[in-house]
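Undergrad: Below are the chains, spelled out letter by letter.
Protein chains: 2
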Amino acid sequence: MKTYLECIPCFFKQGLTAARIAGLGPDEQKKILNEIARIIPDIPLEASPPEIALEIYKVIRESSGVKDPFKHIKNEYISYSLTLYPKLKKIVEDSKDPLLSAIRVAIAGNIIDFGVGNDFDVEETLKETMEVRFAILDYEPFKKSLNDAKTILYIGDNAGETVFDRVLIEEMEGDVVYVVREEPIINDVTKEDAERSGIGEVARIISSGSPAPGTILSLCNKQFLRFLKKADLVISKGQGNYETLSEVEREIYFLIKAKCPVIAQDIGVKEQAIVLKRHINEGNK
Amino acid sequence: MKTYLECIPCFFKQGLTAARIAGLGPDEQKKILNEIARIIPDIPLEASPPEIALEIYKVIRESSGVKDPFKHIKNEYISYSLTLYPKLKKIVEDSKDPLLSAIRVAIAGNIIDFGVGNDFDVEETLKETMEVRFAILDYEPFKKSLNDAKTILYIGDNAGETVFDRVLIEEMEGDVVYVVREEPIINDVTKEDAERSGIGEVARIISSGSPAPGTILSLCNKQFLRFLKKADLVISKGQGNYETLSEVEREIYFLIKAKCPVIAQDIGVKEQAIVLKRHINEGNK
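Chains as they are written, first to last, in the numbering used here: chain A, -5 to 279; chain B, -5 to 279.
Heads up, a few of these hints could be off.
Identical copies go unnamed one by one, so any copy, or any two together, can satisfy a pair.
Simulated crosslink set (SDA-like; lysine to any residue; CA at most 25 angstroms straight-line) [stated by the list, open to error]: (1) Lys138 - Ala41; (2) Lys223 - Gly111; (3) Lys264 - Ile15; (4) Lys7 - Leu48.
These are calculated hints, taken from the structure and not from any lab test.
Using the sequences and the hints given, assemble the complete structure.
TA: Written as C-alpha cells, this is what we have:
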C-alpha cells in the first residue's frame, strides 16, 4: 500500500507521541517535529507508510538518544496481556466455534498499537470484538487452508498482542513460525518480546529482518523470504504488515482491525472494522 | 492562547482539506503539505493558532490561485441555515428559558467550522446541544450584564453559524454590533456572508480588520478596538476567537463548542463540551 496524503499529519502525531514517550521536553519535541517537517518534501508517496515511519522513528531515536523508547510500554502490555491469557483461553474453550473465537481474540489484541494512538481500552475492545460482525470474513477458505497446512507463517505485529496471537496459534495443528521485527520500533514485537509472551512454547520465532513497523521485503532476510515463499499458509497481523504485504504475489490471510481511516479505505471497509481477508496473487485471481 | 504542539499535525490536516476544497489535484496537494512543512520550523509557539493558520491559508491561496476556496461552501451553509431559521425560532419560543435556549442554538451553529473538519451533522448537533449539560455556564452574570448593556459587541465566527447567531441576537435588547473577518479565510464570516445571513436586519456589521480565522488584535482596526474597549458586553463565538482573545484584559463571554482536544484542555473541559464562559481581566478577578 502506498502512503496517502492523510498519512502526513499522522506522521507528525506519531512523532509527537513517540517524543513524549521517549521522555523529551517540549523544546526537544518541537525539534523532532521540525526534523519530520524537513523529511516531508522528500517523501516518495509510492513508498509504504512503514518505510516513511522507519525514517521518522530514526529521527526520534537519534534526537532522544533512546534506542527503544517503547521498551517499558511493551513490557507493561506483555505482562498485562499475560494476566488476561486464562480469560482469553476460556472465551475460546467456551465458544461454539473455537477457531473463529480465537481469530476474534487475535484481532482484538491488535488494538495494542502505539503507531495509531494511545487511548485504547484492551478489555473493552476484546468484548466488542467477540460480538461485532466481520466486515470481511474469508473463513471457509481459511479453514480449508489451515486444515491442509503443514507449515504456517504467522507474521506478528505488536508486543502484548503476541499473547492474543498465542491463543490463536494454539488452535492450529501445523508447525507455526512466528515472525518478529529485526529491531525495536514503536511497540512492534521483537524476538525478546515474543519470547516473554510465551510464543516460544507454541512456535518457532524468527526475525523478518525488517527494522520497520511492517515487513518491507527489500529489507527482509533470506530465511524469512524463503518461508514467505514456501509456507503452506501465511497469516499477517495488523496494519503495518498489511501496508507492506498487500501487493505480494502469493496467498496471504490478513487479520486486521482497521484502526485508521486510510487503511479502512484501502481495504474498502469502515474504520474500526474487523477483517479476515484472503489476499490472492493478482495472477491467480 | 498559544499554539500547542498538537496543533502542528492539525495544520497539515487543515491544509489538506483546504487544498482539496480549492480543487487542487494530488500533486498540488502534496506541494501544499511541503510548503506547510517548510513553515513549521519557524513557527513561534507563543503565537496563537490563528496566526499560524493565517500563514498556512496564504500558502493555499497563493498555490491554488483561488482567493476564496470556501466561497461555495459558505454560501451553501448560509442557505441551508436560513431554511432552519424558522425551526430555530420555534425552539426558542417554545422553551421555558428563551435566552438560554437561544444561547444553545448559537453554540450549536458553531459546529459549522471547516477549520476543524468537514464531517459534522448540523441538525444532529442542534438536537444534542439543546439537551446536553453545559460544562461551564456563567449564566447569572451573563444575564445581568446583558440586562444592563446598552452596547453589545458580538464577535462572529463562521458563515452559516451567523443565522444561529441571529436567533440569539433577537433575544437581546441592547444595540448589537456584529463583528466579521476582514477577508475570506476558511469558512469564517465576512461582511458579505453576515449580510446574506440577515444579520444586517438585527445588528450593525463591522469588520475587526483581522484577516485571520480569529481576532488578532495587532491586525485589528481602530474602530473594532474602540468597540472592544467600550462595549458594555462582549460576546465571542467559537475557537478562533477564543484562541486570540483568551488573554485580553476585559470581561468577555465566550460561547464555544470545544471541538478539538487542545481547546478543550485549554478551557479545562472535555472535548465536545459546550461552554458559556465569563472571562475576566486578571486584574479584576
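Undergrad: State for each hint whether it applies.
TA: These are the hints, each one checked on the structure:
1. Lys138 - Ala41: Cα proximity of Lys138 and Ala41: none, with 34 angstroms in one copy and 61 angstroms across.
2. Lys223 - Gly111: Intra 33 angstroms, inter 44 angstroms, cutoff 25 angstroms: neither.
3. Lys264 - Ile15: Close across copies (23 angstroms), not inside one copy (30 angstroms); limit 25 angstroms.
4. Lys7 - Leu48: both (15 angstroms within a copy, 21 angstroms between copies)
Hints 1, 2 from the list above are not met by this structure, while the remaining hints are.
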